[in-house]
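S.K.: Sequence:
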Amino acid sequence: MISVVIPLYNKERFITETIQSVLNQTFADFELILINDGSTDTSEAVVKTFNDHRIRYMSIANSGVSVARNTGIELAKFPWIAFLDSDDWWAPNFLSEVATAINNNLSKNIFATGRSRVFKSDIERYKNEFLPKDGETSPVNYFRIISKYLPPINSSNVVIKKELLMERGLFRKGQKQHEDHDLWMRLCVKNEVIFINKPLSFYRKTEIDTASNTYYQASDFLTYLTTLTEVENKLNEEEKAYFEGYTNKFIALTYIKNYGLYSKEEDGKVYSKMKQILKGKYLILIKALWLLPYKKTYPIFKFLQR
Numbered sequence: 001m002i003s004v005v006i007p008l009y010n011k012e013r014f015i016t017e018t019i020q021s022v023l024n025q026t027f028a029d030f031e032l033i034l035i036n037d038g039s040t041d042t043s044e045a046v047v048k049t050f051n052d053h054r055i056r057y058m059s060i061a062n063s064g065v066s067v068a069r070n071t072g073i074e075l076a077k078f079p080w081i082a083f084l085d086s087d088d089w090w091a092p093n094f095l096s097e098v099a100t101a102i103n104n105n106l107s108k109n110i111f112a113t114g115r116s117r118v119f120k121s122d123i124e125r126y127k128n129e130f131l132p133k134d135g136e137t138s139p140v141n142y143f144r145i146i147s148k149y150l151p152p153i154n155s156s157n158v159v160i161k162k163e164l165l166m167e168r169g170l171f172r173k174g175q176k177q178h179e180d181h182d183l184w185m186r187l188c189v190k191n192e193v194i195f196i197n198k199p200l201s202f203y204r205k206t207e208i209d210t211a212s213n214t215y216y217q218a219s220d221f222l223t224y225l226t227t228l229t230e231v232e233n234k235l236n237e238e239e240k241a242y243f244e245g246y247t248n249k250f251i252a253l254t255y256i257k258n259y260g261l262y263s264k265e266e267d268g269k270v271y272s273k274m275k276q277i278l279k280g281k282y283l284i285l286i287k288a289l290w291l292l293p294y295k296k297t298y299p300i301f302k303f304l305q306r
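In full-length UniProt numbering, the protein residues as written are 1 to 306.
Worth flagging that the hints you see were computed from the coordinates, not collected in a lab. Incorrect hints may appear among the rest.
Keeping only pairs whose Cα atoms sit at most 35 Å apart, straight-line, the calculated DSBU-like set for lysine-lysine is [unchecked claim]:
id: 1; residue 1: K234; residue 2: K148
id: 2; residue 1: K148; residue 2: K48
id: 3; residue 1: K190; residue 2: K108
id: 4; residue 1: K48; residue 2: K77
id: 5; residue 1: K77; residue 2: K205
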């Protein structure tokens, strides 16, 4: 019923726990596909210590996480695809809870569970006002949630119909940042997410490595802006209002933080794309900032982050 896809790159410390969490599932009708994306540590040797007929393993030249995930999707023999990162893990009933939800919502294509970020000394559960009550399952609107909060989907808590993935174009090859958000956006056009509000997926946080602390390459920014433009044109009016709430703040903050690091040519391309999406005061702000030196705009970036 479900093909579990794990992209693997240099996670020798964690991959055993990740694999074991899948093999320990109370739900039996699954296969586990591991795609080794050219690991240079002992990850491959660790994987090969497992002798289980449910595991399918392939090693490819290092090509990035998007190619690794896409390879797993294309190899999958089942109609449903579950993603799990190689340093995350599931509760034993993750797949059984999702399978039950699928059987109760046969017309739906996207299912996600509650998740928790696990720090060295703390666990932080994902929650917001738009989710179903604790322990309950119901549809949520992806675009409504991202207008105020982090997405209800991440790369370790979601199960998606393979047919939909193939139809919407999979992960974009070469995209190194926001490759997951890019796909979730495309998938959730005209698709609700059936959200199981139980903490069944666990996301390991070993250091401060969030996207907000990472340089956003102009090529990735341009790719994501292109997707945002395409998605906006397919939304209904209510969703467009939610979408605007997300895009205005995300684009403005990302540009203010990074544009001083772009070449003149890159900056011009990014600016041109942004003007197609931004609305109201955010568009005016970006037009003004484009004429100012980077050092004068960074304080504005810090203010908007509050």
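S.K.: Take the C-alpha atoms of K48 and K77, compute the straight-line distance between them, and say whether it is at most 35 Å.
M.R.: Distance ~21 Å between K48 and K77 Cα, so the pair holds.
S.K.: Between K77 and K205, does the CA-CA distance stay at or below 35 Å?
M.R.: 32 Å, holds
S.K.: Under the criterion that the straight-line Cα-Cα distance not exceed 35 Å, is the pair K234, K148 satisfied?
M.R.: 20 Å, holds
S.K.: Is K148 close enough to K48, meaning Cα to Cα at most 35 Å?
M.R.: With a Cα-Cα distance of about 43 Å, the restraint between K148 and K48 is violated, given a limit of 35 Å.
S.K.: Please work out if K190 and K108 have their alpha carbons no farther apart than 35 Å.
M.R.: 11 Å, holds
Taken one by one, the earlier hints fail for this structure only at number 2.
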